[in-house]
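Q: Sequence:
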Amino acid sequence: MHLRPILTQLSEKVTKIFTESATLTCYTEYTEKEPEENLLLAQNTASKLREAIETGESLRASLDKYYNQYVELMNSLGPEEYGQEEVHYQSLLNTHYIPTTLVNTQEELSRLKSEYDLNIGLIEMLKRKMSVNVAIESSNVSRSHSPASFTNQTRRPQPLKLGPVEKITFSGNVLDYPAFREAMKVIDASDNSTYAKFLYLKQSTKGIAFDAIKSLTLTESNYQLAKDLLEKHFGSDDLLVDSLLKSLQNLPAPTRTAGSLQRYYFELESILQQLQNQEVHTDDGILRNMITQKLPDQILERIIRRRHKIKEENKVWNTDALMKELKRIIEEMLDLERLQGKSKQVPSKVMVAINPSKSKEQGEKIARPCVFCQHLDHYSKDCPMADTVAKRKDSLRKSRRCFKCLQKWESGHKCSKTCYYCKKEHNTLLCSQPKPRAVFVTMDEDAQSEVEDDYPFYDSDPETDADPNETEEHGEPTWDDSMVCVLRSSGEKALLSTVELVLRNPDN
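Heads up, the working numbering is the position in the sequence shown plus 17, with the first residue counted as 1.
If you are wondering where the hints come from, they were derived from the structure by calculation, not from laboratory data. Just to be clear, a hint being listed does not mean it is correct.
Lysine-lysine pairs mimicking PhoX-like chemistry, simulated, CA-CA at most 20 angstroms apart [as the list claims (entries may be wrong)]:
#1 K425 with K33
#2 K425 with K408
#3 K214 with K202
#4 K30 with K431
#5 K130 with K219
With beta-carbon atoms standing in for the labels, derived distance ranges [claimed, not checked]:
#6 T299 with Q391: 20 to 28 angstroms
#7 E237 with Q86: 43 to 51 angstroms
#8 T36 with E237: 37 to 45 angstroms
#9 Q86 with T45: 40 to 48 angstroms
#10 T236 with V120: 31 to 39 angstroms
#11 R324 with K440: 48 to 56 angstroms
#12 D259 with R21: 18 to 26 angstroms
#13 Y99 with K408: 30 to 38 angstroms
#14 R324 with E237: 32 to 40 angstroms
#15 R21 with D205: 53 to 61 angstroms
#16 Q391 with V203: 53 to 61 angstroms
#17 R345 with E237: 28 to 36 angstroms
It should be emphasised that the depicted structure is a prediction, and the values quoted were computed from it without experimental measurement. In this text, a Cβ means the ideal position worked out from N, Cα and C, and glycines have one as well.
Can you make the complete structure from the sequences, with help from the hints?
A: Structure, rendered in structure tokens:
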């Protein structure tokens with residue numbers, strides 16, 4: 018079709034423009050420069066931002082327009098013509114993934130507009146500072162012959178200085194708001210003008226928090242209004258309690274390793290203490306069930322035995338007793354690991370595992386964090402916060418990752434990965450097609466030699482060697498029940514194969 022070359026050309030231009038604009042941000046005032054020099058640099062930055070916004074909006078609108086026309090034409094074709102054109106359509110998307118480009122460039126435009134607004138605010142502040150300086154110098158000249166001229170000089174406003182401490186930003190997470198509120202109290206206590214404080218507040222908010230105040234113009238009268246809006250939307254005690262309980266509910270289940278259990282304990286302790294600070298009654302049976310239901314069976318058995326013993330002694334079993342017992346168990350496991358000095362050896366017997374992902378419970382460490390929640394104690398396919406395809410897509414969309422390879426999306430990103438199962442253009446983690454089940458088998462040495470005759474071994478790690486599209490390089494290995502792993506003693510080799518069963522009902 019005649020639209021394909023137009024879309025290719027527009028996509029390349031859009032990618033180039035937004036790649037160049039990715040480094041554009043609001044100008045930061047330098048205290049060692051004169052106000053005139055800072056003003057000139059800020060004005061140049063504003064000009065570049067405005068040009069990038071105008072050019073980017075125009076090109077993106079054209080790309081969106083022609084892409085929609087192309088899709089409409091595709092839908093109007095007959096079955097035979099559609100099949101012929103679909104080959105070109107897929108080739109176009111593999112080279113220039115236009116839907117993703119449109120989504121991400123819209124986000125980049127929003128960022129550029131925010132940076133431009135902040136830059137305009139900085140320009141106004143610099144102009145005011147220059148006016149104040151001129152007024153001070155004129156006043157000093159008129160009083161230069163007065164003996165009191167050295168004691169009555171007006172103080173010049175000083176730039177905001179936070180030392181080496183990194184600026185705290187707030188993106189809308191209710192759990193982060195108390196710390197952000199305390200940081201803003203420090204800003205309020207400074208000698209800066211209300212205008213400068215408001216500018217700092219806007220620069221420190223992102224995401225939904227910035228959306229709550231972005232429509233307020235940078236005036237001194239709107240500063241208190243902006244703080245009130247943030248307090249209303251994110252500072253409620255009820256919101257904080259709800260968020261803490263949700264965090265407790267969504268904590269990833271720990272494995273049987275001491276390190277994983279210790280991380281789980283630390284997160285539990287932090288959440289419980291914050292709930293107690295909000296005067297929430299934590300000695301509740303439902304809350305204890307939320308804690309214990311995620312523990313491995315071996316740990317839960319020890320806790321149950323301890324609970325029975327305490328009740329036999331006519332003592333109280335509560336949340337505090339549960340946490341103390343969990344802490345004691347973890348400390349014993351850590352002491353045992355230190356005494357042993359190394360983890361247990363993998364048994365030499367060959368076994369075909371129905372669920373190879375469970376091997377991580379035997380002390381193996383995960384090299385990279387979960388692509389959805391960034392935790393290190395589980396693989397992405399086991400993430401409790403992304404247990405459906407819809408949740409996984411939503412998480413990838415928010416973190417700006419490619420739906421095919423799971424890598425961070427960047428301007429000009431090209432990806433040709435396909436699903437391991439259905440061969441369609443998405444990551445295996447996003448596949449909704451039913452997977453074949455595996456059969457659990459154990460093999461003796463004779464059976465092992467027969468397998469080796471039929472399948473060549475190769476050097477690999479059974480926990481990371483899976484579909485080449487789904488290795489740790491792109492997020493993590495995506496094994497499921499259709500992947501069969503032959504484990505042997507450490508340092509040896511591993512075999513991967515697939516078992517597919519077809520079941521039929523003889524009565525049909």
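Q: Does each hint hold? Answer for all of them.
A: Evaluation of the provided hints:
no.: 1; hint: K425 with K33; in the structure: holds, 18 angstroms
no.: 2; hint: K425 with K408; in the structure: holds, 17 angstroms
no.: 3; hint: K214 with K202; in the structure: holds, 11 angstroms
no.: 4; hint: K30 with K431; in the structure: holds, 15 angstroms
no.: 5; hint: K130 with K219; in the structure: holds, 13 angstroms
no.: 6; hint: T299 with Q391: 20 to 28 angstroms; in the structure: holds, 27 angstroms
no.: 7; hint: E237 with Q86: 43 to 51 angstroms; in the structure: holds, 49 angstroms
no.: 8; hint: T36 with E237: 37 to 45 angstroms; in the structure: holds, 38 angstroms
no.: 9; hint: Q86 with T45: 40 to 48 angstroms; in the structure: holds, 43 angstroms
no.: 10; hint: T236 with V120: 31 to 39 angstroms; in the structure: holds, 33 angstroms
no.: 11; hint: R324 with K440: 48 to 56 angstroms; in the structure: holds, 52 angstroms
no.: 12; hint: D259 with R21: 18 to 26 angstroms; in the structure: violated, 50 angstroms
no.: 13; hint: Y99 with K408: 30 to 38 angstroms; in the structure: holds, 32 angstroms
no.: 14; hint: R324 with E237: 32 to 40 angstroms; in the structure: violated, 60 angstroms
no.: 15; hint: R21 with D205: 53 to 61 angstroms; in the structure: holds, 57 angstroms
no.: 16; hint: Q391 with V203: 53 to 61 angstroms; in the structure: violated, 29 angstroms
no.: 17; hint: R345 with E237: 28 to 36 angstroms; in the structure: violated, 57 angstroms
In summary, the structure is inconsistent with hints 12, 14, 16, 17 from the numbered list given earlier, while agreeing with the others.
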